[in-house]
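If you read the protein sequences in the order shown, they are chains A and B. Residue numbers for the first sequence follow the working numbering, beginning at -18 and rising by one. Residue numbers for the second sequence follow the working numbering, beginning at 1021 and rising by one.
If you're looking for bench data, these hints aren't it; they were derived computationally from the structure. Among the clues, some could well be false.
What the hints assert, rightly or not - Result set (DSSO-like, lysine-lysine): computed pairs, CA atoms no more than 27 Å apart in a straight line:
#	chain 1	residue 1	chain 2	residue 2
1	B	Lys1085	B	Lys1105
2	A	Lys95	B	Lys1407
3	B	Lys1397	A	Lys95
4	B	Lys1079	B	Lys1105
5	B	Lys1407	A	Lys50
6	B	Lys1079	B	Lys1145
7	A	Lys(-6)	B	Lys1226
8	B	Lys1058	A	Lys(-6)
9	A	Lys(-6)	B	Lys1393
10	A	Lys95	B	Lys1226
To be verified - One side of the interface only, derived from the structure: several residues of chain A facing chain B at Cβ under 7 Å:
#	residue
11	Thr(-13)
12	Phe(-11)
13	Ala17
14	Asp18
15	Val24
16	Ala38
17	Asp41
18	Ala45
19	Asn74
Computed from a prediction, not measured in an experiment: that's the story for all the values here. We put the CB at the ideal spot given by N, CA and C, even for glycine.
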Amino acid sequence: MIDQLTVFLENTKGRLTAMCRALGQADVQMHALALADTTDYGVARIICDDPRGAAQALADAGFAANITKVVAVEVPHVPGGLADVLECLEKANVNVEYCYCFVDAEKGATVAFKVDESAIEYLEQAGFTVLHPKDLYKA
Amino acid sequence: MAYQDEITHMNRDELEELQLERLKQTAITCYENIPFYKESFDKVAFDPYTVETLEDIRKAPFTTKQDMRDSYPYGLFAVPREDVKEIHMSSGTTGIATVSGYTENDIHAWGDCFARGLGYAGTGKDDVVHVCYGYGLFTGGLGAHYGGLAVGAETIPMSAGNTKRQIKVLQSMGSTVLCCTPSYAMHIADTAIEMGLDPKKAFTLKSGIHGAEAFSDQFRENLEDKLGYKVFDVYGLTEVMGPGVAMECDRQAGLHVAEDHFFIEVLDVETHEPVPDGEWGELVITTLTKEASPVIRYRTRDITRIMPETCACGRTHRRIDRLHGRTDDMMIIRGVNVFPSQIEDVCTAFPEIADWYQIELSREGGLDIATLKIEIKPDFPIDEIRKIEALQKRLQQALKDELAIKIGIKVVEPHTIQRSEGKAVRVVDLRD
């Protein structure tokens, strides 16, 4: 599974900027950012090239940041591509907590799913490419 | 033998006889030496020379904080200025302070009162007392300091602030007793943990004497778990002396009042009539030995009760219960009386949230809005919003069960609620 960097952010002016700046200063490059927002706060979910280092850097800077395990799957960049992946998960009775997409110049479209680890087996059996940490993290 | 055991175990009859003798003297001294008391006694035809029993003091009028402010700076001194050796002041939100003077005997008595509490906590000559109450006009620092000296312990006058240095000194000096507000003790513990230390192992603390603000039993337990020591409550106020008026013993079941120095009453908040022992009301204190600033029937605005049973520890001085709060701290939210300590009791039952909280009161369309700000702990699964929302709902329901009013819950980032080095700011009232 892939380590997702998760950050709790209060809905106050400049908080998202401060987080991004702190990541930049820690030399962390983001591949994807999805922001779930409520009235009072937001939760940023981030795929990056050094999630552990990023979580530590943010915690040191006073952010509520931790690591969440997600599954990243390459999705054929064609109409219906994501539907195929979701059908596979549905057949296997895997519940999707949330998901978000990102596009990589080399790999094409990728989707990060918050699902049970068992999903990996079903996806690979169905012929999908599940990404591994080495595909996304810097060496 | 603990400090002044002979006094704290005094036979009740002898103690009350001593109280009466001192009460008569105090009432007469106030009448003869302080114009404010002459006037206020005469106004209600209270003759201090007719005091025959302890109950007779009930005929005397109250002294309020406002009376003290009106007498600023030294209108309530009973001795010539040359006999006053120390001054403390209590700040007020209105800006005018109340002043308390101490003669040499007053300072000794103060040290004795605090030292008894250190004795209750097992402190003696071999101990190192680390004082990080603020030193200065606030009575916390010097009160604990005089107590440490009286009991013969090595006393370190740290004062409040610079938490990392506090931690360093706690480690290097082998401090065994920590004196500060409970919220600052928590801040020290949390900071040590953030620095990668286990305070239980890094420090050699045996006990903590924590007062100047109300704290819940759960907060005490959390502190004891984090620091691996035993927490003792202490009560006092500048207007009658400072910390040491009442101190908790190792039974942790109420605070023994230094009854040879203070006469206490607990009165109904509305009617000001005495309530039976065991019932809650406002604590009213008359000093029995204070020379420079004696006070007759001071309305403390603190809510407590006299605990009717004799304490299992064998000491005869009566106990007051741990404070419910101050009448000043009491919030009226949509007509319901709420003490911050009630909210704290609910919060501390939720391990998911940190020990810091703040209540914000505002008004929208004529309606009171109460919002409780909480910090979630670093290991909370923040990525699932429904879990955060579920926590908010459970907390809100628990508060509604306890207080019968709806309180909004706002989850905030760690360290955004202001940490205190003195008294914690638990309530922010933005209502006009």
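Run the structure past the numbered hints and jot down the numbers of the failing ones, going up. 4, 6, 7, 8, 10, 14, 16, 17, 19
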